[in-house]
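Undergrad: In case you want the letters, here they are:
Number of protein chains: 2
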Amino acid sequence: MFFEGSEKKLEVVIKTGNASLRSRGRPFWESMVSAANAEILSILSNEHCDAYLLSESSLFVWDDRFLMLTCGTTTLVNSALLFIEDIGLNEVDFLIYQRKNEYHSQLQKSSIDEDLKRLRSCLPMRAYQLGYLDSHHHYLAHFNNPYEPKIADHTSELLMYHIEGDVADYLRAENQTCEGIRARLDLERLLPGFELNDFVFSPCGYSVNALRGTDYATIHITPEQNSSYVSFESNLDLGGEYSFILDGLLEILKPHSWDTVGFNCEPRVSKANQAHFVERCDLMLNCGYKVQFTHRKAKNETLLPILSL
Amino acid sequence: MFFEGSEKKLEVVIKTGNASLRSRGRPFWESMVSAANAEILSILSNEHCDAYLLSESSLFVWDDRFLMLTCGTTTLVNSALLFIEDIGLNEVDFLIYQRKNEYHSQLQKSSIDEDLKRLRSCLPMRAYQLGYLDSHHHYLAHFNNPYEPKIADHTSELLMYHIEGDVADYLRAENQTCEGIRARLDLERLLPGFELNDFVFSPCGYSVNALRGTDYATIHITPEQNSSYVSFESNLDLGGEYSFILDGLLEILKPHSWDTVGFNCEPRVSKANQAHFVERCDLMLNCGYKVQFTHRKAKNETLLPILSL
Chain G
459 MFFEGSEKKL
469 EVVIKTGNAS
479 LRSRGRPFWE
489 SMVSAANAEI
499 LSILSNEHCD
509 AYLLSESSLF
519 VWDDRFLMLT
529 CGTTTLVNSA
539 LLFIEDIGLN
549 EVDFLIYQRK
559 NEYHSQLQKS
569 SIDEDLKRLR
579 SCLPMRAYQL
589 GYLDSHHHYL
599 AHFNNPYEPK
609 IADHTSELLM
619 YHIEGDVADY
629 LRAENQTCEG
639 IRARLDLERL
649 LPGFELNDFV
659 FSPCGYSVNA
669 LRGTDYATIH
679 ITPEQNSSYV
689 SFESNLDLGG
699 EYSFILDGLL
709 EILKPHSWDT
719 VGFNCEPRVS
729 KANQAHFVER
739 CDLMLNCGYK
749 VQFTHRKAKN
759 ETLLPILSL
Chain E
459 MFFEGSEKKL
469 EVVIKTGNAS
479 LRSRGRPFWE
489 SMVSAANAEI
499 LSILSNEHCD
509 AYLLSESSLF
519 VWDDRFLMLT
529 CGTTTLVNSA
539 LLFIEDIGLN
549 EVDFLIYQRK
559 NEYHSQLQKS
569 SIDEDLKRLR
579 SCLPMRAYQL
589 GYLDSHHHYL
599 AHFNNPYEPK
609 IADHTSELLM
619 YHIEGDVADY
629 LRAENQTCEG
639 IRARLDLERL
649 LPGFELNDFV
659 FSPCGYSVNA
669 LRGTDYATIH
679 ITPEQNSSYV
689 SFESNLDLGG
699 EYSFILDGLL
709 EILKPHSWDT
719 VGFNCEPRVS
729 KANQAHFVER
739 CDLMLNCGYK
749 VQFTHRKAKN
759 ETLLPILSL
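If you're matching them up, the sequences are chains G and E in order.
Heads up: the first sequence begins at 459 in the working numbering, then just goes up one per residue.
Heads up: the second sequence begins at 459 in the working numbering, then just goes up one per residue.
Treat the hints as calculated values from the structure; they're not laboratory data.
Since this is a predicted model, take the numbers as computed values, not measurements.
A virtual CB, placed ideally from N, CA and C, is assigned to each residue, including glycine.
Errors might be hidden in some of the hints.
[To be verified] In the DSS-like style, the derived pairs of lysine-lysine whose C-alpha atoms are separated by at most 30 Å in a straight line are:
1) Lys729(E) <-> Lys748(G)
2) Lys712(G) <-> Lys757(E)
3) Lys757(G) <-> Lys712(E)
4) Lys757(E) <-> Lys729(E)
5) Lys748(E) <-> Lys608(E)
6) Lys608(E) <-> Lys575(G)
7) Lys757(G) <-> Lys712(G)
8) Lys729(G) <-> Lys729(E)
9) Lys567(G) <-> Lys567(E)
10) Lys575(E) <-> Lys567(G)
11) Lys748(G) <-> Lys729(G)
12) Lys757(G) <-> Lys567(G)
13) Lys575(E) <-> Lys712(E)
14) Lys757(G) <-> Lys729(E)
15) Lys712(E) <-> Lys729(E)
16) Lys757(E) <-> Lys729(G)
17) Lys608(E) <-> Lys757(G)
18) Lys748(G) <-> Lys712(G)
19) Lys757(G) <-> Lys748(E)
20) Lys712(G) <-> Lys729(G)
21) Lys748(E) <-> Lys729(E)
22) Lys575(G) <-> Lys748(G)
[To be verified] With the C-beta cut set under 7 Å, the calculated list includes, among others, these residues of chain G facing chain E:
23) Ala585
24) Tyr586
25) Leu591
26) Tyr619
27) His620
28) Gly623
29) Ser685
30) Gln732
31) Val736
32) Arg738
33) Cys739
34) Glu759
35) Thr760
[What the hints assert, rightly or not] Going by beta-carbon spacing under 8 Å, a handful of chain E positions derived as facing chain G:
36) Tyr561
37) Gln566
38) Leu581
39) Ala585
40) Leu591
Next up, chain G with everything else stripped away, as it sits in the complex (with noise of 0.2 Å):
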């Protein structure tokens, strides 16, 4: 059994002067994760954000932006340009695409280089690697277009590979509940006061979707031993107030080694999580954002052979 956790993303802001992206409702939304070839499960609403459940991963749509992540071997460039089509170039203010290194990038549908040329065939885009090609390495791209995000857009990535130990046990494990998944992942203090949207997947996985006014988290479990995956993300400053919620995560889920990517925000761990060995990469956008990109992972460790049967 193997499953892709790793996103690919898409975040785009339209022009003032736009209708509302949540006003376009339920039809509209489908057919964009559609052509992700993805489906909606359920949705969360609170007066700022429609945050729709994903059968591969997620989407918020705010008046607007909205933010998509799917993963597994989904085809998010098609609803980009889905996306860019409807509205039209003109209403486009803002748009990132990101892919991530994946376990298998063989398996997907498409290569970074091969979405970039299609996004390229209808708005200029900006492409970045952070990270070698022979470690972990993310992949960038923004439309190139002046852009200044307001005070306090920051957004931060946690995205960690092979976890380990009683939590990610009983991840793997049958039979798990979203309310045993929540008990595990210590949800009630690590997301205080949000509400949660969230679902088990079979035989394994789980996601969850959290409002708070207007912050927003997301959470995705790919748990399956060998190619374990989770990602984090969320606009609450990880680093500053917020940042035990990266310790606390790491503290779970004991992943063998782990990224964050900070947009406009450094996200923070304690000292015990930055002993380990890091790679880092920043770089400023020429849309106002600043990204910081970091891998870290364990210290020096002996890994058993894998059996493949």
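Take the given structure of chain G and dock chain E to it, following the hints.
TA: Just chain E now, kept in the frame of chain G:
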């Protein structure tokens, strides 16, 4: 310009009583090389071995065994199947097939899973993955047959990623020569007494086969910036007397990260080179080889983002 330097590797030993593999002559080996989608460039022979330099790496043929390394997008599994069909299953005493994690596995003509499936349609194979999927990892599959390696039958590989410095710059420049590369790699010191047969590719890239009595060595260099790769393989004792070769290559090529693989040999490096981050994986094969895999990388690093134009 992207070229996948990392090699697939096939080694086969035939049972005693068969005609010498060398006596099959060039047309047979041409068909073997052609099955992998490569070509023979030249040959260096001594009384023990015929060493073919290929358009994509190397082929060494002894009386009772051969070793074939092919890089790029070659289809080495085809050569394995052709050989088995030609000689007959019952005449194969030992067979090992290896693949390293590629920079861009999505560009390969087949995955390791597909290769394995085809090999297993002919003969029982045991297969292992050494190293985690999110880091350097090697796939190793062998004919599941009792086999007893001869004393002093050891093989070592040093695989270097992201080379830097003056020599790397020279290798990437125009108009390199064999003499210029031999001098910069210090081959007279590192491979004393060896006969060399080398080739400079256009616009860049270098291969050398080396023979000295029953000893062989081979080096393949893919110097391209952002995806550089250099491999060294030999049956010299790199865990003992000849460990200076590894230190020499590491000092000259200054790779950002590197792997060693040892078969009945633990490739050894100086204290300075040991001081890097390391992952290690040991494996006892039931065909008589003890395999040691290590992956090492430089200490904490700040990387530059790569702009994809």
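Undergrad: Taking the hints in turn, state whether each one holds.
TA: Status of the hints after comparison with the structure:
no.	hint	in the structure
1	Lys729(E) <-> Lys748(G)	39 Å, violated
2	Lys712(G) <-> Lys757(E)	22 Å, holds
3	Lys757(G) <-> Lys712(E)	22 Å, holds
4	Lys757(E) <-> Lys729(E)	14 Å, holds
5	Lys748(E) <-> Lys608(E)	13 Å, holds
6	Lys608(E) <-> Lys575(G)	54 Å, violated
7	Lys757(G) <-> Lys712(G)	13 Å, holds
8	Lys729(G) <-> Lys729(E)	28 Å, holds
9	Lys567(G) <-> Lys567(E)	15 Å, holds
10	Lys575(E) <-> Lys567(G)	22 Å, holds
11	Lys748(G) <-> Lys729(G)	23 Å, holds
12	Lys757(G) <-> Lys567(G)	35 Å, violated
13	Lys575(E) <-> Lys712(E)	38 Å, violated
14	Lys757(G) <-> Lys729(E)	18 Å, holds
15	Lys712(E) <-> Lys729(E)	15 Å, holds
16	Lys757(E) <-> Lys729(G)	17 Å, holds
17	Lys608(E) <-> Lys757(G)	37 Å, violated
18	Lys748(G) <-> Lys712(G)	28 Å, holds
19	Lys757(G) <-> Lys748(E)	25 Å, holds
20	Lys712(G) <-> Lys729(G)	15 Å, holds
21	Lys748(E) <-> Lys729(E)	23 Å, holds
22	Lys575(G) <-> Lys748(G)	25 Å, holds
23	Ala585	4 Å, holds
24	Tyr586	5 Å, holds
25	Leu591	4 Å, holds
26	Tyr619	5 Å, holds
27	His620	6 Å, holds
28	Gly623	16 Å, violated
29	Ser685	6 Å, holds
30	Gln732	10 Å, violated
31	Val736	5 Å, holds
32	Arg738	5 Å, holds
33	Cys739	5 Å, holds
34	Glu759	5 Å, holds
35	Thr760	5 Å, holds
36	Tyr561	4 Å, holds
37	Gln566	6 Å, holds
38	Leu581	16 Å, violated
39	Ala585	4 Å, holds
40	Leu591	5 Å, holds
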